[in-house]
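Undergrad: Order-wise, the sequence lines are chains A and B. Residue numbering for the first sequence is 1 to 295, as defined by my numbering. Residue numbering for the second sequence is 1001 to 1213, as defined by my numbering.
All the given hints hold, so there is nothing to weed out.
Mimicking PhoX-like on lysine-lysine, the simulated pairs with C-alpha atoms at most 25 Å apart in a straight line are:
# : chain 1 : residue 1 : chain 2 : residue 2
1 : B       : K1132     : A       : K12
2 : A       : K12       : B       : K1178
3 : B       : K1167     : A       : K12
4 : B       : K1115     : B       : K1132
5 : B       : K1148     : B       : K1132
Which residues of chain B face chain A? A partial, calculated answer using Cβ under 8 Å:
#  : residue
6  : P1028
7  : L1048
8  : S1082
9  : K1104
10 : A1123
11 : R1124
12 : G1134
13 : S1136
14 : G1168
15 : R1169
16 : N1179
What follows is a list of derived Cβ distance ranges for each label pair:
#  : chain 1 : residue 1 : chain 2 : residue 2 : range
17 : A       : G269      : B       : C1039     : 49 to 55 Å
18 : A       : E254      : B       : D1200     : 56 to 62 Å
19 : A       : R273      : B       : E1022     : 55 to 61 Å
For the record, the hints were derived by calculation from the structure and aren't laboratory data. C-beta atoms are modelled at their ideal positions from N, C-alpha and C, and glycine is treated no differently.
Below are the chains, spelled out letter by letter.
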Amino acid sequence: MKYLYYPGCSLKGTNRAYEESVLASFHALNIELEELEDWNCCGATAYMAVDEMKSFALAARNLALAERQGQDGSPTLIAPCSGCYLVLSKTQHYMEEYSEVSRTIDGALQAARLSYARTVHVRHPLDILVNEIGIPQISSKVQRPLRGLKVACYYGCQIVRPYAAFDDQVNPKTMDHLMRALGAETVDWPLKTRCCGGSLMGTLPDVGVPLSYILLKEALKRGAHVVATACPLCQFNLECYQDKMSRQFQERVEIPVVYFTQLLGLALGVPERQLGMHRLLVPFTLARGGARLHA
Amino acid sequence: MREWQSWPRFRYEAELDLRFPEEVASMPGGRALFACIQCGTCSGTCPLATYMDYSPRKIIAMTRAGFKEEVLHSFTIWLCASCYACAVECPRKIKITDFMAELKQRAIQEGVDPKRFPVAVLAREFFEAVRKRGRSTESLLVLRLYAKTNPVQILSQALLGWRLLRKGRFSLRAESVKNRQQIEQLLRAVDAAKATAFIDKLAREVRREVAYR
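Bound-form chain A, shown alone (with noise of 0.2 Å):
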């Protein structure tokens, strides 16, 4: 099977192990990934700040790309960070909703020699992973169970907010099952979906870190060895602050976190440098025979 494949900015620069690891782990599933060509930034979440139709303009770009690589009637397109799949999913969800955003979008593409059918679908890995390929099919595949591991299944908000086209908005079960058919345990962790902070981390770190912080001390108190994410920005802000965090709050914090494709790469026996696991600031490893190790 083949898919069209959206990665972002995000996952071209800081988070290139997310990229790695989706592309990685997706091969050993025989799915390609098929990168969208000359794509621009979807236009995040700043971009709605300054215009939000410029935001749509762009995302739109997208689509209309999206629609001319794909050769059969509706491409499916991916995209791995939640920032990248709400953007491009409310683009859409506008376009329909509201005759002046369509109208606008329209004649902007169409200045730029583009068109956009509406036949594209945006999806992300976790929906394909769970709803397409199918968890018995998955586990069938799994050849080093990740026996032993506490997952913290972390979803952030943008990919069950405000749309929430795959899965429960308030309790998101997909990554939960995807982890368990991996033979990882999961924690009950009420905090799956509330906000790390985004770009506050980068902007006000008074502010964005406690509320990271906040997700990384219940994880520890639940008993998590790993917390997975499924967003290039929460990995970034849940990881890189720990020592900013243990500092500020006078304890020890300390937990990996990785991509749910790269707990997803080494269940399916992919080696570890191709997951991106060397570029992770807390290491994570799992040691032969599935017990858990981090140093």
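With chain A's structure known, arrange chain B on it following the hints.
TA: For chain B alone, coordinates are given in the frame of chain A:
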């Protein structure tokens, strides 16, 4: 109290801008604003409400009452991290997150966004970077942000930068789309469409005024 928090000022009715609520409500789905029942669910669910100068509920009330200056000068709108918790809980289905984004846009248009306040600076820098190159480069964006707000942070974050560099997660190469011209055409067309819409609206108002007289 944070340095940016302040108490609301007393206002006479004559000082209020009664066109403001109508203007804000012209955003897509914006009429829902008038359906707000002031239940405070938004403020209760907001993980950032404790840091805000006015809670989201108050911002809605103030917008409807015409407290334009307070609303656009508030830090609340810049503290919204767009987690959409309020929007999905709102019993009146108000798109509160998008409403905050609309207020940010208005603050920027009017040039009253807090100067050197990192959130607003980041939004502007990000906007410019993507307008020029079609993609954003996180490392350069963050460096720009620090340079424009608090250069000392470049030093305090140097260790993190170094650790990221060693892991191959930090690169100063500016990313860009190939077809930059297309991005420019696209964004310029949006500006043109907005200008036309604005003139149309003005013409409609003039016609209405003339008919009234």
